[in-house]
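**Q** Once you know that position 34 of the sequence shown is 33 in numbering that gives the first Met the number 0, the rest is easy, because the numbers rise by one and skip nothing.
Treat the hints as calculated values from the structure; they're not laboratory data. One thing to keep in mind: the hints can contain errors.
Derived EDC-like pairs (lysine to aspartate or glutamate); straight-line CA-CA distance at most 16 Å [what the hints assert, rightly or not]: (1) 45 - 64; (2) 87 - 64; (3) 50 - 23.
Pair ranges (Cβ atoms, derived) [to be verified]: (4) 62 - 95: 20 to 30 Å; (5) 60 - 87: 39 to 49 Å; (6) 85 - 16: 39 to 49 Å; (7) 38 - 64: 43 to 53 Å; (8) 88 - 65: 26 to 36 Å; (9) 27 - 64: 41 to 51 Å; (10) 64 - 32: 35 to 45 Å; (11) 6 - 92: 32 to 42 Å; (12) 63 - 85: 58 to 68 Å; (13) 37 - 65: 43 to 53 Å; (14) 18 - 39: 47 to 57 Å.
All of these numbers come straight from a predicted model, not from anything done at the bench. Glycine is no exception: its CB is placed at the ideal position from the N, C-alpha and C atoms.
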Amino acid sequence: MSLDRSLKIKGALTRHRNVLSRAERIEQLKDEEKWQEGDPVLGLPKVAHRKSHAGKKEKAALAKEAAPEAAAEATAEETPKAEEKTEKKADKKADKKK
0 MSLDRSLKIK
10 GALTRHRNVL
20 SRAERIEQLK
30 DEEKWQEGDP
40 VLGLPKVAHR
50 KSHAGKKEKA
60 ALAKEAAPEA
70 AAEATAEETP
80 KAEEKTEKKA
90 DKKADKKK
C-alpha cells in the first residue's frame, strides 16, 4: 500500500487552521488589548485569523537585488570557460582533419 502524499512532508499536518481554540483566541485578544484578566471566557468576540505570507516580498526584493550582481559575476566567470571550450573544440577538429 502506498503512503498518502500529505503524510510524506514533515510540515504537511501543520496547515493553516481557520478555527482557533479558546486559548488561542484569548492570546490573540490579549495581543490586541481587547481582553483583560478576569473577563469571562465564554462568549468571546470573533478573532480574525488570516494566513500570512510574511517575508515573501522581502525575499523577492533581496533576490532581485542580488540577481544583477550574481549575473555579472556569472558572466565574468563563464567568459574564460566559454573561450576555453571553443579552443578545445577547434583543437579537436584540427586533430580530426590530420
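**Q** Look at each hint and say if it fits the structure.
**A** We went through each hint and held it up to the structure:
With a C-alpha separation of about 41 Å, the suggested pairing of residue 45 with residue 64 is violated against the 16 Å cut-off. Taking the CA atoms of residue 87 and residue 64, the gap is near 36 Å; set against the 16 Å cutoff, the hint is violated. The straight-line distance between the Cα atoms of residue 50 and residue 23 is roughly 15 Å, inside the 16 Å bound, and the hint therefore holds. As the Cβ distance of residue 62 to residue 95 is approximately 45 Å, the hint placing it in 20 to 30 Å is violated.
The beta-carbon spacing between residue 60 and residue 87, approximately 41 Å, falls within the hinted interval of 39 to 49 Å. For the hinted restraint 39 to 49 Å between residue 85 and residue 16, the CB-CB distance of approximately 58 Å leaves it violated. Remark: the range hint 43 to 53 Å for residue 38 to residue 64 is upheld by a beta-carbon distance near 47 Å. Our hint of 26 to 36 Å for residue 88 and residue 65 holds, since their Cβ atoms are close to 33 Å apart.
About 35 Å separates the C-beta atoms of residue 27 and residue 64, a value inconsistent with the hinted range of 41 to 51 Å. Residue 64 and residue 32 have their C-beta atoms about 37 Å apart, which keeps the hinted 35 to 45 Å range intact. The hint said 32 to 42 Å for the Cβ distance between residue 6 and residue 92, and at roughly 56 Å that hint is violated. For the pair residue 63 and residue 85, the supplied restraint of 58 to 68 Å is violated, since their beta-carbon distance comes to about 32 Å.
A hinted range of 43 to 53 Å holds for the C-beta pair residue 37 and residue 65, which are about 52 Å apart. Checked against the hint of 47 to 57 Å, the C-beta distance between residue 18 and residue 39 comes to roughly 20 Å, which is inconsistent with it.
Comparing the model with each numbered hint stated earlier shows that hints 1, 2, 4, 6, 9, 11, 12 and 14 do not hold.
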